[in-house]
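Asker: Here the structure of chain A is known, so what remains is to put chain L in place on it, guided by the hints.
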Amino acid sequence: MAEDSPIIRTYVVVTNLGAAVAAAIRPHDQASVTERQPAMTSRSPETERIQPQPPHHRDRSLTLEIDSLTKSYGDTTVVDGLTFTVQPGRVTGFLGPNGSGKSTTMKMLLGLASADKGRATIGGIRYRNLPDPARTLGVVLEPNAFHPGRSGRNHLRIQAEATGIPASQVDEMLRLVDLSREAANRRVGTYSLGMKQRLSLALALLGDPPVLILDEPGNGLDPRGIRTLRDNLATRAANGDTVFVSSHLLSEVEQLADDLVVINEGRLVAAGSINDLRRTSALVRTTDSAELAMALEHIGGKVNRQDADTLVVEGLSTEDIGELAYHQSVVLHELSLNEGSLEEMFMAWTGNASSANPSISGKNEVPA
Amino acid sequence: MKNAQLVRSEIRRITTTRMPLAFLVMLGAFAALNAAVVAWGADADGTQAFLSTALDQQSLVSFSANSVIIAGIFGATAIARGYGHGTVVHIFLATPRRLHAQVAQFTAVALGGAVLGLAGVVMTTAAVVAALPSTDYGFMISIGDMVRLLAASSFAGAAGALLGAGIGAVVRNTGGAVTGAVLMLVMAPPLIVQIAGGAADWIPPTLANVVSGVSNETTVLAAIAALALWAGVPAALGLVSTARRDVV
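Chain order of the listed sequences is A and L.
Going by numbering that gives the first Met the number 0, the first residue of the first sequence is number 0, and it counts up by one from there.
Going by numbering that gives the first Met the number 0, the first residue of the second sequence is number 0, and it counts up by one from there.
Calculated from the structure, these hints are not laboratory results.
Some hints here could point you the wrong way.
[Claimed, not checked] Okay, the calculated beta carbon distance ranges per label pair: (1) A/Leu192 to L/Trp39: 51 to 57 Å; (2) L/Ala242 to A/Ser71: 19 to 25 Å; (3) L/Glu216 to A/Asn184: 48 to 54 Å; (4) A/Tyr72 to L/Asp55: 55 to 61 Å; (5) L/Gly231 to A/Gly80: 39 to 45 Å; (6) L/Tyr136 to A/Pro147: 43 to 49 Å; (7) L/Leu32 to A/Ser71: 35 to 41 Å; (8) L/Thr14 to A/Arg180: 19 to 25 Å; (9) L/Gly27 to A/Gly148: 16 to 22 Å; (10) L/Asp55 to A/Arg185: 47 to 53 Å; (11) L/Val24 to A/Pro222: 42 to 48 Å; (12) A/Gly148 to L/Ala41: 40 to 46 Å; (13) L/Ala41 to A/Asn184: 46 to 52 Å.
This one's a predicted model, so the numbers in the text were calculated from it and none came from an experiment.
Backbone N, C-alpha and C fix where the C-beta goes; we use that ideal spot for every residue, glycine too.
Isolated chain A, as found in the complex:
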């Protein structure tokens, strides 16, 4: 088919490479991303039988919807009624401690594991019903999921052949992830972890998919590789693609993601834009901290004492706190939004699932 011709496919890749270079020069422009962000895609089950479309005509704005997803292994519930949405045009970080259910959630979304309850869809369609999964969704799950005796190039060729992607795309992807011809022809068993990760990324990007689901994509990459990856993902999101990234490297997520989904013990504990999540607590400095803390708790605030004079208040706006202090005749020396680091927030969210910030956990849709 003409739409599958190597020339067009090459054009798509070259366009993305150009955009990646542009993104590396110019920092990610949040405003432009928001402007380009399309409305949430919602499809009825009838529309699941859509025909494959040419790559350049495909809808690149696909929302990932996780709805009441539940999965148990024996008596252990690893994902428990998980509900959240990942919007196109954004890079969404997926965080949680080891064993919190991130990988299982991703596997259920990808149809590799079955859900006991709930539904996970891509643009309203379950993965197994996608008409052209390789051109819809790119996945990095495990960097070591390669046969050590097969060359990197052959891994890509097999995937291209299985999915009807032109073989010419293989060389483009190898170039994109910076794997040399010599390395690509070598057996994967001789690769470093970083090279395997690059190969995983090449596999994920082979079909130029509008949705990327990446589990620890920076694992093993050198700083230059991480920078290239970050730029590429930001560029894709800026073009309206959906990027969902799981990582343990909080500093990496902080630089990469626009939105966050945080789970702990299989349950959602926080979701929203990083900026909004950062501003969910207020810092209050006063000499009458005991009296003010009691009053704040009385009107529903959650108060943590940082030191003798300083309170961290969650669940109330700075306006609420200021007015209450005025009515209580409490002198304030400082009242500000508490912009903690992602690490501090992560520790607070995941320290104890039951202590999750109620103002956050109730808000389970990543904002557009």
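Answerer: Frame of chain A, contents of chain L only:
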């Protein structure tokens, strides 16, 4: 078209590692053993009567019984290693309808088994032909019988590979799957025969020999059907297991 693509990619998956080479080396060793038997072997009376008739030579180069066993190990390894290395994830991401993907994979493995069976006969025959000048006998197998040997060995190889593939899909561990295939094809049949003597006619090596025309315990059609059943049941169990269980 899509199914042909999948089968092609699965064939590439099999042929882009050294595994087929290892099996070909094994076949080469078998062939060399046959050549050595022809060159230096003798019956109890010191003659080489085992080469004296066309049927004797046909029995010598018939590879079907070996094909079932070797291809069984091949099939078990080819499928189970995908789970061991995690490459099965790529297969089911590319083709989320797991049954389609698995049928394509089984087809490729069965083709691989058939090729191994064919190669086994060709290499063994070539080795025997090369060794015959050192004896008093010439090559006596007719073209028709040779074609039958080739076809039977290919069929036996395909059946064995399918049987091994089914075990591989159920067990999902290379060591366990190979052990399972060996148990089923090598160790279990003699034990079954010990328990039920009549079963000797229906074990895979006997059936493969009947298809080759070097044995006549049952009819050829019955042997083909029984061998297909030996392969079909594990393969069907493998397909059901793949469709129902989580991939990882």
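Asker: Look at each hint and say if it fits the structure.
Answerer: Verification of the hints:
1. A/Leu192 to L/Trp39: 51 to 57 Å: Cβ of A/Leu192 to Cβ of L/Trp39: about 53 Å, so the range 51 to 57 Å holds.
2. L/Ala242 to A/Ser71: 19 to 25 Å: The hint (19 to 25 Å, Cβ to Cβ) holds, given that L/Ala242 and A/Ser71 are roughly 20 Å apart.
3. L/Glu216 to A/Asn184: 48 to 54 Å: 51 Å, holds
4. A/Tyr72 to L/Asp55: 55 to 61 Å: Holds, since A/Tyr72 and L/Asp55 (Cβ atoms, about 59 Å apart) stay within the stated range.
5. L/Gly231 to A/Gly80: 39 to 45 Å: Given a distance of about 42 Å, which is inside 39 to 45 Å, the answer is holds.
6. L/Tyr136 to A/Pro147: 43 to 49 Å: 48 Å, holds
7. L/Leu32 to A/Ser71: 35 to 41 Å: Given range 35 to 41 Å: violated, Cβ gap about 54 Å.
8. L/Thr14 to A/Arg180: 19 to 25 Å: At roughly 21 Å between Cβ atoms, A/Arg180 and L/Thr14 fall inside 19 to 25 Å, so the hint holds.
9. L/Gly27 to A/Gly148: 16 to 22 Å: Once the Cβ atoms are compared, 20 Å apart, the range 16 to 22 Å for A/Gly148 and L/Gly27 holds.
10. L/Asp55 to A/Arg185: 47 to 53 Å: About 50 Å separates the Cβ atoms of L/Asp55 and A/Arg185, which means 47 to 53 Å holds.
11. L/Val24 to A/Pro222: 42 to 48 Å: 45 Å, holds
12. A/Gly148 to L/Ala41: 40 to 46 Å: 42 Å, holds
13. L/Ala41 to A/Asn184: 46 to 52 Å: Cβ of L/Ala41 to Cβ of A/Asn184: about 51 Å, so the range 46 to 52 Å holds.
Violated hint for the displayed structure: number 7, the only one.
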